[in-house]
Amino acid sequence: MTFELTPLEQDALTEIFNLGIGRAASALNKMVEDEVILRVPEVVIIPHHRATEYIQNHVDDKITAIRQRVEGDFSGNAILLFPKSNSLQLVRTLLKDQVPLDSLTELEQEALLEVGNVMLNACFGTVTNLLQLNITISLPELEQGKVNDIVKLGSKDAWALMLQVHFSLPNKDIEGFVSFIADVISMQHLKSSLVRFVNQIGS
Amino acid sequence: MKIQFDFRQVADSLDAGVVILDSGFRVIYFNNWMYARSGMAPERVLNLGLLDIFPDLKDSRLWDCCKDAIELRLPTRLSNSFNPTPFPLYDPKQVGNELYRLQQMVLVKPQDVAGEMFCEIIVNDVTPIVIKENWLKRIAGEQRQEALLREQEQSQLSRIIDHTADAILVFQQSGQIDVVNQAAEKMFGYNKAEIKSMGLELLLSGGDEPQRTFLYDRLNLLISQAVSLRRPLPTQAVTATMVRKNGEPLPAEIKFSSSDSDGRMSIITIIRDRSAEVESERILRESENRFKTLAKVAPVGIFRTDAEGILQYANEMWFQITGRSLNDLHSESWLSVVKEEQREEVEADWGARRALAPSFVREFVIRRKNPERSETWVLCHLMPEYGLHQSLTGYVGTLTDISEQRRNQDEIERLAYYDSLTGLANRRFFKDRLERSIRECQRGNKAFALFALDLDEFKRVNDSLGHDAGDRLLVEVARRLQNCLREVDTIARIGGDEFSVILPGFGEPENIVRAAARIIQALHEPVNVGQEWVTVSTSIGITLYPADAENVDGLIKNADLALYSAKDNGRNGYAFFDPRMNVHAEMNLVLENRIRRGIANDEFLVYLQPQVRSSDCMPVRAEALVRWRDPARGILLPAEFIQMAEKVRLIKQLGEVVLEKACSAMQHLLQAQVVANDFRVAINISASQFLDPAFPFRIWSLLNRYKLPPQCIELEVTEGVFISDLNLARRVMSCVKGFGVAISLDDFGTGYSSLSYLSYLPVDTLKIDRSFISALSEQGDGQDIVLAIIDVAQRLRCEVVAEGVETEAQFQFLRQAGCDLIQGYWIAKPMDVEAFEQFIRDRTPTLLANASGMRVDSSRHPIDHLK
Numbered sequence: 001m002t003f004e005l006t007p008l009e010q011d012a013l014t015e016i017f018n019l020g021i022g023r024a025a026s027a028l029n030k031m032v033e034d035e036v037i038l039r040v041p042e043v044v045i046i047p048h049h050r051a052t053e054y055i056q057n058h059v060d061d062k063i064t065a066i067r068q069r070v071e072g073d074f075s076g077n078a079i080l081l082f083p084k085s086n087s088l089q090l091v092r093t094l095l096k097d098q099v100p101l102d103s104l105t106e107l108e109q110e111a112l113l114e115v116g117n118v119m120l121n122a123c124f125g126t127v128t129n130l131l132q133l134n135i136t137i138s139l140p141e142l143e144q145g146k147v148n149d150i151v152k153l154g155s156k157d158a159w160a161l162m163l164q165v166h167f168s169l170p171n172k173d174i175e176g177f178v179s180f181i182a183d184v185i186s187m188q189h190l191k192s193s194l195v196r197f198v199n200q201i202g203s
Numbered sequence: 001m002k003i004q005f006d007f008r009q010v011a012d013s014l015d016a017g018v019v020i021l022d023s024g025f026r027v028i029y030f031n032n033w034m035y036a037r038s039g040m041a042p043e044r045v046l047n048l049g050l051l052d053i054f055p056d057l058k059d060s061r062l063w064d065c066c067k068d069a070i071e072l073r074l075p076t077r078l079s080n081s082f083n084p085t086p087f088p089l090y091d092p093k094q095v096g097n098e099l100y101r102l103q104q105m106v107l108v109k110p111q112d113v114a115g116e117m118f119c120e121i122i123v124n125d126v127t128p129i130v131i132k133e134n135w136l137k138r139i140a141g142e143q144r145q146e147a148l149l150r151e152q153e154q155s156q157l158s159r160i161i162d163h164t165a166d167a168i169l170v171f172q173q174s175g176q177i178d179v180v181n182q183a184a185e186k187m188f189g190y191n192k193a194e195i196k197s198m199g200l201e202l203l204l205s206g207g208d209e210p211q212r213t214f215l216y217d218r219l220n221l222l223i224s225q226a227v228s229l230r231r232p233l234p235t236q237a238v239t240a241t242m243v244r245k246n247g248e249p250l251p252a253e254i255k256f257s258s259s260d261s262d263g264r265m266s267i268i269t270i271i272r273d274r275s276a277e278v279e280s281e282r283i284l285r286e287s288e289n290r291f292k293t294l295a296k297v298a299p300v301g302i303f304r305t306d307a308e309g310i311l312q313y314a315n316e317m318w319f320q321i322t323g324r325s326l327n328d329l330h331s332e333s334w335l336s337v338v339k340e341e342q343r344e345e346v347e348a349d350w351g352a353r354r355a356l357a358p359s360f361v362r363e364f365v366i367r368r369k370n371p372e373r374s375e376t377w378v379l380c381h382l383m384p385e386y387g388l389h390q391s392l393t394g395y396v397g398t399l400t401d402i403s404e405q406r407r408n409q410d411e412i413e414r415l416a417y418y419d420s421l422t423g424l425a426n427r428r429f430f431k432d433r434l435e436r437s438i439r440e441c442q443r444g445n446k447a448f449a450l451f452a453l454d455l456d457e458f459k460r461v462n463d464s465l466g467h468d469a470g471d472r473l474l475v476e477v478a479r480r481l482q483n484c485l486r487e488v489d490t491i492a493r494i495g496g497d498e499f500s501v502i503l504p505g506f507g508e509p510e511n512i513v514r515a516a517a518r519i520i521q522a523l524h525e526p527v528n529v530g531q532e533w534v535t536v537s538t539s540i541g542i543t544l545y546p547a548d549a550e551n552v553d554g555l556i557k558n559a560d561l562a563l564y565s566a567k568d569n570g571r572n573g574y575a576f577f578d579p580r581m582n583v584h585a586e587m588n589l590v591l592e593n594r595i596r597r598g599i600a601n602d603e604f605l606v607y608l609q610p611q612v613r614s615s616d617c618m619p620v621r622a623e624a625l626v627r628w629r630d631p632a633r634g635i636l637l638p639a640e641f642i643q644m645a646e647k648v649r650l651i652k653q654l655g656e657v658v659l660e661k662a663c664s665a666m667q668h669l670l671q672a673q674v675v676a677n678d679f680r681v682a683i684n685i686s687a688s689q690f691l692d693p694a695f696p697f698r699i700w701s702l703l704n705r706y707k708l709p710p711q712c713i714e715l716e717v718t719e720g721v722f723i724s725d726l727n728l729a730r731r732v733m734s735c736v737k738g739f740g741v742a743i744s745l746d747d748f749g750t751g752y753s754s755l756s757y758l759s760y761l762p763v764d765t766l767k768i769d770r771s772f773i774s775a776l777s778e779q780g781d782g783q784d785i786v787l788a789i790i791d792v793a794q795r796l797r798c799e800v801v802a803e804g805v806e807t808e809a810q811f812q813f814l815r816q817a818g819c820d821l822i823q824g825y826w827i828a829k830p831m832d833v834e835a836f837e838q839f840i841r842d843r844t845p846t847l848l849a850n851a852s853g854m855r856v857d858s859s860r861h862p863i864d865h866l867k
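If you read the protein sequences in the order shown, they are chains A and B. Sequential numbering from 1 applies to the first sequence in the numbering used here. Sequential numbering from 1 applies to the second sequence in the numbering used here.
Read the hints as simulated data drawn from the structure, not as lab findings. There's no promise every hint is true.
What the hints assert, rightly or not - Output of the computed footprint for chain A on chain B, the stretches with three or more beta carbons under 8 Å from beta carbons of chain A: (1) 76-84; (2) 124-134; (3) 540-554.
Virtual Cβ for every residue (Gly too), placed ideally from N, Cα, C.
Can you build the whole structure from these sequences, using the hints too?
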């Protein structure tokens, strides 16, 4: 089973996520004073087990994740992941908070949740709208732990849609990942919707 | 219905706000929590648009999220950090008071109820959490700041210890070395571990055994004392010779002190490397020896004092210059050699400058115990000497005898500022003084007077009696000026016979007049100039600062203008500057320059106009008339420049030229035998020329120089001569007539003076003014006046000359009336000497050649006639 995309489909998918990320950036810029620039260099669809490796290649073991569950035409988990230190940096940079506590406070966690919420909403709200997928999304939840624990999903057949996200803040750049882990059926749904979308553009 | 009821009951019991919007963003539900905290009544909420109820939400993220929920079915968590207080909600007891606005965390959820979208908003009050976290953060911040400071302090301390120049060793109670700093490693050449293992005893092995034992014992004593007393000991220092790893001895100063740190006593040993100090002490000793040798052979006086200035040492030369004895050392201040009158000033100067500059330089006179023939001036240099740590140990100074230099300098100064002949200030000094007077008067709002004066007859004395006599006269003038002026007045000789005087603080204006009068009188007394006695007069121009001018040039110019004016008004007087003088001066300046140039370039010449005897028309006389051959305008008649020459006071000079040229022409005519000895040339003499007391002398020398028989010369003067000074005029006339020279009175009948002077003055000839002659063409009065004049002349036994005769009728009338001589165009126009020569030759083919002439009597001096 493979979800190989044609170059045109690949371009379309990257473009759709870029639109979503653009929305996220404008929402973030409304929240904070400094200008935040978001970039998505690539979007890949890979088997679930490879997704864990993919993330581990980029991130050390401990991560902070914001998860929202998706149900409907397209079911699975949308997760935004940061290395733990990055999540601290991101929140405190956005909040301009100089206080050097070792872990996120309750309110900081909330703030991080909102950032993740903005990102994930923007990505999936845009994607599902453009691809005319009917979905329901839950409120975000915060998780901390090892990559394996967070990115796990029961089914062995699960696939993951991965995007790397660059947060460019005035004084630092922070790397994060958006991962969407879904079963085969959901992925097929996504793929066929994408094909339809590309064809509509073509016609 | 039942479900809905249940929902409301649940919602109202929640400790959170619940708001439900329909798809048109109208509020369809507001729970009690919300009513209580917003202070709203249901009628102001229900079925109203969210933005109508809360207009401030319009640009908020909350509003965006509501739209996302309805339109995109997206749920959102709004954190407190990014959206602190989206709804205007307050503590229920303080609704509306912004101080009690609730900190919120908001959830926005889409709700699909049978295909219709609703938006559910849950509001949580997180105010307590915000307060708690802020407090936590503050505490954490403070702790971190403290930790940071402690860390900095610590690292700074250890840096200081490492980087201090002294070696630091810390001993524990056991005698074990605990701490070794970097400087210790550098100083001894051993590393820390080596030093720790060696201990103090081995490091001390550079010195002798007793020293080592002593110090080691001392350390042990200190340690045991510190331990037993349990309190720090006072710091004590000892010097010792230690040893470096390379075997070199290390002169050092060791200080032990104890410190109680956390109940543990430790001995801190600070070791200072004294090698540089030992070296500098050696150098100091050597330089001290060199200094003493140098001082012995130096050609200047050298002395040293202690910090208070008391003499400690002096070389041979110092004793010679000051004339002091060894007894003065160690008791007297170096200032005691300064002359009493100067000492206070020198001391004050030293005191003032000591603080500002290291070296003190000053010239002064040496105090001599026995008063001497001449003062000893010295140049003194004084410098402080410093010991260790820049502490002042005393002063070292030199005295150079500069008496000789001083005398030379005084002489040079005198030459530069004083006139060598009279000893008065010279022009340069005078200008300095004038400038200084102006500055002083500006400050003090005071006035001063400036006199410009010159001697009216100086040139005469110089020319006739020689420069020695002239110099004697000037010296005497200077002396008299000094006698009749005050100390404060500046008298200067500007050059030649020009003097200037600055009179400051003159008080009443009459005082100036009095001073001027005093000068005039004093200078008018006869002066002995060697063989002769001469009398000179002086004219003074006076100007006042600041009334007349406020700068040097202006004042000098004014004084000069006033001086000219004084001369114009007749000599031996003074004149105050009048602003009108300036205008005249400028107008005449151009013309004056031109006439002056004309005189210098010899542009003036003499024309001769014949006078013939009325009886036989023989030319027996001629009048010399001046002409100006201006290179630009050709020959000019006197009418075009004489008046101007008078105005700018050049008439006298011009008259001299004419006199000289006429004499020269006469000489030529005689030598060429054109005329005989009884031919006479009439020369016009201006009043100023004639009334110059030197005038007869001038005539005398001209007669001699041109070898002219005196009867060949006739001096034509006008009535003006008598009007200004009748007595002087008569004296001059008597004098020149005594030479044999004739006098004629020009323009007779036009003046307003009485006829009486005619009997009183020795006039030879009267000239009827041309206006009477030109009036002759008409019948009547004209003839009568001319007849009357001729009658008067004949009665006074004067000859009569008619000038301006242009017609034969005039000539005939005059001849018949008995007029002796006729001059005018009818006879001949004025002509140059060459043409005149021809004219005479034509008229007198048989010339009288027996011209032996009268000789001038040179035994009689012209000045004698003046007295």
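Hint by hint, here is what the structure shows:
{"no.": "1", "hint": "76-84", "verdict": "holds (count 8)"}
{"no.": "2", "hint": "124-134", "verdict": "holds (count 4)"}
{"no.": "3", "hint": "540-554", "verdict": "violated (count 0)"}
Violated hint for the displayed structure: number 3, the only one.
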